[in-house]
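Got chain A sorted already, so can you dock chain B onto it with the hints?
These protein sequence lines are chains A and B, in that order. Note that this note's numbering gives residue 516 to position 345 of the first sequence, counting from 1, and the numbers run on in steps of one. Note that this note's numbering gives residue 167 to position 79 of the second sequence, counting from 1, and the numbers run on in steps of one.
Hints are not guaranteed to be accurate.
To give a feel for the contact side, a few chain B residues facing chain A, derived at Cβ under 8 Å [claimed, not checked]:
(1) G191
(2) E214
(3) G261
(4) H262
(5) M264
(6) V332
(7) S430
FYI, nobody ran anything at the bench for these hints, they're computed from the structure. Quick caveat, the model's predicted, so the values are computed rather than measured. Virtual Cβ for every residue (Gly too), placed ideally from N, Cα, C.
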Amino acid sequence: MERVIFHLDLDAFFVSVERILDPTLEGKPVIVGANPDSRRGVISACSYEARKYGLHSAMPIGQAYKLCPNGIYLRGSYGEYARYSRLVRNILSRYAPVLKQASVDEFYMDFSGCRATYGAPIDLATHLQKEIWNELSLPASIGIASNTSVAKVCSDFHKPMGITYVIPGMEREFLAPLPIEALPGIGKVTQRELNAKGFFKLGDIARAPVEYFTIALGKVGQELWERANGEGNTVISGEHEQKSISKEHTFGKDETDIDKMKGRLFSMSGEVAQSLRKQGVMATNVILKLRYSDFTTLTRTVKISPDDDDKIFYEAVLRLFEKNYTRRVSVRLLGVGVANLTHAGYQEDMFDEQAGKRKRVLSAVDELRDRFGDHYIKIGAGL
Amino acid sequence: MKFTVNSKVLERKLSKVYPAVTTKSSITELENFLIEIKNGVLTVTASDMEIFLKSSMNVDTDGELVAVVKAKQLLDVVRGLDDIQLTIEYERDSRLIINYEKGKYTVPCESSNAYPSTVAVEEEKEIEIEGAFLREAFAQTSFAISKESIRPSMMGLLIEFSLDGIRFVATDGHRMVRFTDKSRTFSTSEGKILPEKAVNTFGKLLSDGLINISFGLSTITFKSEELEMRSRLINQKFPDYNSVIPVDYNFSMKVNRQEFHSAVKRMMPFVSNDINQIKLDIGKDFVVVSASDTEKGFEGTERVNCEFTGDSLVIAFKGQYLNEVLSHLNHDSILLKLISPSKACTIEPEVQQESQDLLILLMPIRTVN
Numbered sequence: 172m173e174r175v176i177f178h179l180d181l182d183a184f185f186v187s188v189e190r191i192l193d194p195t196l197e198g199k200p201v202i203v204g205a206n207p208d209s210r211r212g213v214i215s216a217c218s219y220e221a222r223k224y225g226l227h228s229a230m231p232i233g234q235a236y237k238l239c240p241n242g243i244y245l246r247g248s249y250g251e252y253a254r255y256s257r258l259v260r261n262i263l264s265r266y267a268p269v270l271k272q273a274s275v276d277e278f279y280m281d282f283s284g285c286r287a288t289y290g291a292p293i294d295l296a297t298h299l300q301k302e303i304w305n306e307l308s309l310p311a312s313i314g315i316a317s318n319t320s321v322a323k324v325c326s327d328f329h330k331p332m333g334i335t336y337v338i339p340g341m342e343r344e345f346l347a348p349l350p351i352e353a354l355p356g357i358g359k360v361t362q363r364e365l366n367a368k369g370f371f372k373l374g375d376i377a378r379a380p381v382e383y384f385t386i387a388l389g390k391v392g393q394e395l396w397e398r399a400n401g402e403g404n405t406v407i408s409g410e411h412e413q414k415s416i417s418k419e420h421t422f423g424k425d426e427t428d429i430d431k432m433k434g435r436l437f438s439m440s441g442e443v444a445q446s447l448r449k450q451g452v453m454a455t456n457v458i459l460k461l462r463y464s465d466f467t468t469l470t471r472t473v474k475i476s477p478d479d480d481d482k483i484f485y486e487a488v489l490r491l492f493e494k495n496y497t498r499r500v501s502v503r504l505l506g507v508g509v510a511n512l513t514h515a516g517y518q519e520d521m522f523d524e525q526a527g528k529r530k531r532v533l534s535a536v537d538e539l540r541d542r543f544g545d546h547y548i549k550i551g552a553g554l
Numbered sequence: 089m090k091f092t093v094n095s096k097v098l099e100r101k102l103s104k105v106y107p108a109v110t111t112k113s114s115i116t117e118l119e120n121f122l123i124e125i126k127n128g129v130l131t132v133t134a135s136d137m138e139i140f141l142k143s144s145m146n147v148d149t150d151g152e153l154v155a156v157v158k159a160k161q162l163l164d165v166v167r168g169l170d171d172i173q174l175t176i177e178y179e180r181d182s183r184l185i186i187n188y189e190k191g192k193y194t195v196p197c198e199s200s201n202a203y204p205s206t207v208a209v210e211e212e213k214e215i216e217i218e219g220a221f222l223r224e225a226f227a228q229t230s231f232a233i234s235k236e237s238i239r240p241s242m243m244g245l246l247i248e249f250s251l252d253g254i255r256f257v258a259t260d261g262h263r264m265v266r267f268t269d270k271s272r273t274f275s276t277s278e279g280k281i282l283p284e285k286a287v288n289t290f291g292k293l294l295s296d297g298l299i300n301i302s303f304g305l306s307t308i309t310f311k312s313e314e315l316e317m318r319s320r321l322i323n324q325k326f327p328d329y330n331s332v333i334p335v336d337y338n339f340s341m342k343v344n345r346q347e348f349h350s351a352v353k354r355m356m357p358f359v360s361n362d363i364n365q366i367k368l369d370i371g372k373d374f375v376v377v378s379a380s381d382t383e384k385g386f387e388g389t390e391r392v393n394c395e396f397t398g399d400s401l402v403i404a405f406k407g408q409y410l411n412e413v414l415s416h417l418n419h420d421s422i423l424l425k426l427i428s429p430s431k432a433c434t435i436e437p438e439v440q441q442e443s444q445d446l447l448i449l450l451m452p453i454r455t456v457n
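Bound conformation, chain A alone (with noise of 0.2 Å):
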């Protein structure tokens, strides 16, 4: 059967959702991912508008301010874009058999053997793409091909609004003449180094041998080689739910320090109640491991009303911890996990006055490391 893997882009989508919220911000040069206080940082997004002052996402603040100093430079409303983002997902999910969501303005979806019911696949993409526009006001380019490697490159060629259709049999062609940073994977390093070697152009890594790769990047060549001459995924594994999330540490040494011990798992439950804070849903089991240096392990569960709270989690955990830490011999291996994940609402605790305060500050946390990282910022044991 034909495949046809559609990947979907949101062109410039922080930039479009800010126009949305101010419609002034229209054929300005915008920019978002900057503080616009301090200009520090890089950034997330720019207009097209932006683009042509020769910024890009990725670019330090100062270097974009230097020259575009009249861009209107926002901090980002990521809230609104996780929403906007869930607005296209439930459009696309109208029509698309399997859908896969790869990022906030990012989405895969398999339409094989679909042609009776929607027509051809141009027109299928028109299709979304207009109705996208007339829903939300949101521009999207639309890449369809035989698999998802090609698909992407796709949606990538004609921005903003584009709609790139490769057929079938025509993938290596259509890629042969594209630069090689055009394929997603070949970041600023790869290409210095390939170009150090002679290739520009996806054909050229097309037409070289592949054992050129494989002798010099192992399995990573292999993928980019085979990925240059047209081929990739032709199906898109479904996104499954979520059962758990865990995070787990192996000392260094045999560790015996409690008060380490502690802050380990400290780090740890922050960081389970970050992903899951990420993925919108709570959980109601803590679970415990332990490993102790004779590889003895255990693991203990306990049961929590829904949260998705850093300090609930270490709070239930060091529990587990205080009451299963028995024997007096060094730790190997702590972890911290959650399970029973649910998209149940905060259920408020009356006696928790603290609760809201904190979740409040817990997602502009989230929104910092979000944008700089998960090391930016730390939380600290007393919130």
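Frame of chain A; chain B shown alone:
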């Protein structure tokens, strides 16, 4: 030694103390009854080390005995017998032989030394209260007791005796019941936390008549003529429940409890297991109760007449909590006092029973969207 006893009388005594027998403990002796006879009084004891039940009866005998027998087997045998006179023979540390006209049953005994000795009891304070009232108070409040071991102080029912009356408070942080009776006053001023298991077990066993309650620092005993029930107390500080009860509110909604509860009950199958929430869309004259399970496509909406003092308010509660609260009220008309969609809601009967005060606090769910 030998003694005679009526089978139905013995069955009743054994059944009364059986709830304390546990098969879950690592101490296997707790699967047993401790049976003692002294001065013509037979006493059956069972305990899971947390609660302790003891029942006594007069028997016809000349001897004394201390025997430890498997509780389930003994109760099963006695339960299966008709209303007849039994002659029970005891062979020291070996077995009980139950004889009756048609046959006999032999139940092995374990060494009486193996039965865990109960803790020394130091209960200096004593009060008296009717069993029927206590039973009612337990039934009305126990549902809100916390099941989460993370907050041990809330895993029981707070009972406060004072000059002003007796008060029962249970909470799990999400809902709270406070039931006060001002007609029963006490010269002592004490607050004790009775563990959930004791509340549920004793609640079923309490007889109507006067119950003698004695308590100390770590135990409490409820004594009636035929049964002695003891429990360890939760030695923790109960949260300051008064501080979370709002003194002021912005709106109130008066609604017929039965109509409202019926709507909520009908909504329950439509409450998604995952989200588990019932939404109340309150308008001036009616409240729209709704629930949905969007993933499975179930949806329910119903209108119930009410009198609301505000213009409109939307608030969501955990379906199970709202349903439980409404089923534990037996008043015709109730008042929901509200502040905002994220603040505690108090639920009270419009007319309190004489000298009583019942207040339920329910925390809402903050919805994601």
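Here is what the structure says about each hint:
1. G191: It is violated, given that the least Cβ distance between B/G191 and chain A is near 49 Å, above 8 Å.
2. E214: violated (33 Å)
3. G261: Holds: closest Cβ of chain A sits about 4 Å from B/G261, inside 8 Å.
4. H262: holds (5 Å)
5. M264: holds (7 Å)
6. V332: holds (4 Å)
7. S430: Hint on B/S430: holds, closest Cβ of chain A at ~6 Å, below 8 Å.
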